[in-house]
Amino acid sequence: MNKKPVHLRVNGVEKSVFVDEGANLLDVLRRSIGDVSVKYGCGQGTCGACGVMIDGVLQLSCLCLAEAADGSNIETVNSLANGDLHPLQQAFMDNFGAQCGFCTPGMLMAARALLDKTPSPTREQVIEAISGNICRCTGYEPIIHAILDAADRMTSQQKT
Amino acid sequence: MGLIVKTFDEVSQASQLLSDGDGLFFGGGTILMRVVNDGAPNLSLLVRTTDPCMRTITVAKDKIILGGGTTMLDIINHQELEFLHAPARAVGGPAIHAMATVGGNLYARHPFGDFTTALLALSATVRFADDDKGKEIPLEELLKDRESLPRRIVTSVVISRPADDIFRFIKICRVRPHRQPVMTLAACLPINEGKIINARIAYGAMASTPIRITAVEHALEGRALDPSGIRDAVAVATDGLSPPTDAIATEWYRREVAPVHLKHLLLGNSI
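Line by line, the protein sequences give chains L and W.
Quick note: to get my numbering, add 40 to the position in the first sequence (first position is 1).
Quick note: to get my numbering, add 285 to the position in the second sequence (first position is 1).
This is chain L alone, in the form it adopts within the complex (with noise of 0.2 Å):
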């Protein structure tokens, strides 16, 4: 199989890899760049666990042609704890957001799309963020109580 090489910017560091031709950025970003917070979930863009940013824009990481994200910033969820966790993976701990933690990544990444764009989200805008993932364990009110308590937190924190 061929191999083609790609650079990208992963979380803030630059990475060169060579990836086999159709190669999907879940496996590059695992296999290849070694970030395992990524997960795969059904490889088939329904479940929403290996969401991403790629340049500030939220997709399915397994979806995506490796070659095709060729110069771009990749954000996942290893890029969102600074020192100290972010809001968000707080308020999902306080508010039991994760269970099994399968779908959390995927979850954490469409709360922060969300939350890059509408700082003060409607319950229906949640819901609506997070309709292309899915979760076995939660029931999905733990998810929403914690997103909505994530944006609290950080508009506050933005007030003070």
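FYI, nobody ran anything at the bench for these hints, they're computed from the structure.
Ideal placement from N, C-alpha and C gives every residue a C-beta, glycine not left out.
Take the hints with a grain of salt, since some may be wrong.
From the structure, some residues in chain L lie toward chain W, with a derived Cβ separation under 7 Å [claimed, not checked]: (1) 62; (2) 84; (3) 85; (4) 171; (5) 195.
Once you have looked at the hints, place chain W on chain L.
Frame of chain L, contents of chain W only:
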């Protein structure tokens, strides 16, 4: 031998390679990447383009041209395309919005194709990369032959801007808000002196492709858009159709609910 991916700066180059061989055009990836991830035993070549014309949206007073590579997010973010926001939002969740393309949705298999259903009601025409004369064909023609004809790259879809309040769209899902539909409905309902003229009604997930419902269109002609005026149209809601049975709904269920949802669509009821 493994999969080969060829990327071209110009869509005409991509089209030329496709016409020469057995490859498939790779747009946003929401359809083809699933096949690739599954191993793709019969797929040897993917052809892509980074041609900016594919993501161009041109909005004139009455005519709108959507590049074939325009994503649902491009449409949602476009202030002058508010009437298309609901159909664009219907295509999956936020991450899919950023990846799914107008051109790709035209080839989405049942039960998908929500955006295409809206385009069908809007009398869309389609332009291809391999036709440098700019010939447009009606969307119905592409849908009728899409399984049998060789794949051609859709460079743009052309629609007319509907007058205020005449375009309607709803998607019926069991798992809300954006999962596989039971059915999708779209309608363009021009009114002249209180009567419907030249209505266009389209369903998604009620046939192998999105489809116009001419029986309903004929029954609406010259009628008022009120409960008694639409009665005959609702009565023929599923005439001539053989809705598929799938994991979401059976043929019987789709037949049962179609008149109910058609009535909601025509009367502008929220569900």
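Each hint tested on the structure:
With 7 Å as the threshold, the beta carbon of residue 62 of chain L comes within range of chain W, its nearest partner Cβ sitting at about 4 Å, so the hint holds. Interface restraint check for residue 84 of chain L: the shortest CB-CB distance to chain W comes to about 5 Å, inside 7 Å, so the restraint holds. Checking residue 85 of chain L against chain W: minimum C-beta separation of about 6 Å stays under 7 Å; hint holds. Interface restraint check for residue 171 of chain L: the shortest CB-CB distance to chain W comes to about 4 Å, inside 7 Å, so the restraint holds.
Residue-level restraint check for residue 195 of chain L is violated (minimum Cβ-Cβ distance to chain W is 21 Å; threshold 7 Å).
Consistency with the previously given hints fails for number 5 only.
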